[in-house]
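Use the sequences and the hints to build the structure in full.
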Amino acid sequence: MEDMKVEGRIWKFGNDIDTDVIIPARYLNVSDENELARNAFIDIRPDFATGVSKGDILVAGKNFGCGSSREHAPLAIKAAGIRVVIAESFARIFYRNAFNIGLPLLESEEAAKGLADGGKATVDLATGAIEGETGSFQARPIPEFMARLIAAGGLVQYVRKVKVGR
Amino acid sequence: MPMTITEKILAAHAGLDRVSPGDLIEAKVDVALANDITAPLAIKVFDEIGVETVFDADKVILVADHFVPNKDIASAQQVKLVREFARRQKLTHYYEGGDSGIEHVILPERGLVLPGQLVIGADSHTCTYGAMGAFSTGVGSTDLGAVMATGEIWLKVPPTILLRYEGKLRPHVGGKDLILHTIGLLGVEGALYCAMEFAGSVIEQLPMHQRFTMSNMAIEAGGKNGIIAPDETTLAYLAERTTRRFEIFKSDPDAVYDRVIDIDVTGIEPQVAFPHLPSNVRAASQAGNVPIDQVVIGSCTNGWLDDLRDAARILKGRKAAPGVRLIILPGSPLIYKTAMREGILETFLEAGGVIGPPCCGPCLGGHMGILAAGERAVSTTNRNFIGRMGHPESEVYLANPLVAAASAVLGKIGGPDEL
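Which chain is which? The protein sequence lines are A and B, in order.
Using the numbering used here, you'd call the opening residue of the first sequence number 1 and step up by one each time.
Using the numbering used here, you'd call the opening residue of the second sequence number 1 and step up by one each time.
In case anyone wonders, no lab produced these hints; they're calculated from the structure.
Just so you know, even glycine gets a beta-carbon here, dropped at the ideal spot from N, CA and C.
Incorrect hints may have been included.
[Stated by the list, open to error] Here are some, though not all, of the chain A residues that point toward chain B, as calculated from beta-carbon distances under 7 Å:
(1) ASP16
(2) ASP20
(3) ARG26
(4) LEU28
(5) ASN34
(6) LYS62
(7) ILE93
(8) ASN100
(9) ILE101
(10) GLN138
(11) PHE145
(12) LEU155
(13) ARG160
(14) VAL162
Printed below as a string of structure tokens:
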């Protein structure tokens with residue numbers, strides 16, 4: 001299992017960030033995650049894909065990932081190097097998709113509002129504790145079933161172990 | 001214990017007597033659906049899981065509808081991969097070319113979805129089949145790949161919001177306006193994680209295609225599903241399409257709802273959702289002077305035969321305003337053929353329209369009608385996010401087919417009353 005402690009730069013977005021702006025449909029004719037990552041947020045924040053580093057943290061407002069079911073969206077974010085997304089709330093298909101591919105999500109209204117773009121933060125994925133330059137926050141811990149998915153390495157590994165018995 | 005229709009279907013598919021909101025269940029899947037964008041990733045996941053064959057070759061349905069006819073080499077490669085998988089797995093239902101149409105139109109049209117079923121699709125608008133009294137929801141490719149392998153999915157039982165529509169519908173107002181009004185009322189996250197149950201005398205009188213339109217857009221309010229209890233309208237629709245048996249579920253009168261919202265439809269005018277959220281609605285009559293460059297009529301939301309009939313009624317003997325590109329995409333080959341026989345396509349051509357093949361086309365900015373910077377479109381589709389139909393500085397306004405057709409003639413946003 002990967003280290004549960006994350007430390008990185010904060011990339012902050014607003015409310016209702018939809019999967020069309022996370023990865024526009026014109027880039028969906030491929031499934032390669034590194035190519036997807038190059039075009040993440042290209043229409044609303046072109047400096048993201050070029051500036052993001054491995055281990056960085058994405059922070060957003062309400063309803064992050066709304067719209068299309070395209071798994072290319074969390075894949076693009078994960079492949080870009082983002083280690084955890086913290087938001088006030090997540091759209092449900094995005095929520096499933098992210099945990100299924102091993103991208104952890106944390107829900108916290110206070111952190112989503114309090115963390116500042118460009119700052120540094122440390123996040124404990126096991127407890128949901130967040131330490132930022134602008135304050136300390138406690139996100140709701142990752143639900144048990146989701147934690148099991150992450151611990152197994154995503155849904156594929158979970159299904160292999162639990163359902164198929166391989 | 002009383003249950004909602006959603007809870008009953010989920011319980012039946014999990015082998016349980018009852019379920020409550022918040023319960024995590026493992027449910028058996030009746031239909032597993034993916035398209036040319038989501039299937040390639042799902043197939044990769046399926047292969048990684050390492051089983052030889054899909055759980056049931058009759059229950060996995062793959063439809064090439066988003067970037068078809070293949071718009072570029074990369075899309076062609078994706079569809080090739082899906083086609084080869086379908087052949088290798090001997091899938092009964094693989095649709096491409098003249099056999100294909102928009103997934104959420106052809107599945108009901110061909111009797112492939114039934115009331116009481118549990119349908120999982122790697123497409124967010126899979127919620128469309130809720131209109132037939134099925135539990136139907138969208139997932140991503142990894143979930144779908146796991147369903148193809150196991151025939152099961154884990155689900156959290158959602159709380160249900162009951163939406164009751166009463167009153168008398170005004171002229172030119174239908175399912176599209178009701179759902180846009182509802183999304184405006186709830187907001188784009190107002191039904192997050194929830195089941196939406198549409199009921200009331202207005203829904204009971206709504207024709208099937210307008211019910212599909214309403215369930216289709218449940219996701220735009222954040223809903224997990226958008227369900228309507230089957231009634232005589234549903235049964236009549238099915239009688240023409242299938243002889244397969246199915247089970248009808250209905251909510252108990254004393255079922256427990258998270259919220260009950262009563263909507264009086266009497267005052268609702270034709271609605272338009274302004275950029276860049278489907279919840280940003282106002283009456284078409286209050287749109288002001290918004291000149292447009294393009295009108296799109298079609299999609300899984302409004303690509304039904306009766307939608308085309310509506311548009312043709314407005315366009316008969318009229319022409320799209322100079323400078324307005326009118327694009328029509330029928331939802332299926334059958335709808336295309338019927339529209340041709342009824343003279344509807346001729347009406348569109350005489351109005352200056354361009355008729356495309358049954359596919360998703362410009363709805364998601366794929367092809368066949370992409371917008372340039374600064375351009376505006378009135379569209380019968382379901383999303384108006386930034387860059388949805390093309391350039392990030394273009395704009396999409398969502399409306400019903402009557403308003404879209406009237407806007408094409410007017411050259412600006414407006415309803416049929418302004419013609």
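Here's how the hints hold up against the structure:
1. ASP16: holds, 6 Å
2. ASP20: With Cβ-Cβ at 4 Å, under 7 Å, it holds.
3. ARG26: Because about 6 Å separates ARG26(A) from the closest Cβ in chain B, which is inside the 7 Å limit, the hint holds.
4. LEU28: It holds, given that the least Cβ distance between LEU28(A) and chain B is near 5 Å, below 7 Å.
5. ASN34: Status violated, d = 14 Å.
6. LYS62: holds, 6 Å
7. ILE93: holds, 5 Å
8. ASN100: For ASN100(A), the interface hint holds, since the closest Cβ of chain B sits about 4 Å away, which is under 7 Å.
9. ILE101: holds, 6 Å
10. GLN138: At about 22 Å, which exceeds the 7 Å cut-off, the nearest Cβ of chain B leaves the hint on GLN138(A) violated.
11. PHE145: At 6 Å from the nearest chain B Cβ, PHE145(A) passes the 7 Å test, so the hint holds.
12. LEU155: Interface hint status for LEU155(A): holds (5 Å vs cutoff 7 Å).
13. ARG160: holds, 6 Å
14. VAL162: Violated: closest Cβ of chain B sits about 10 Å from VAL162(A), beyond 7 Å.
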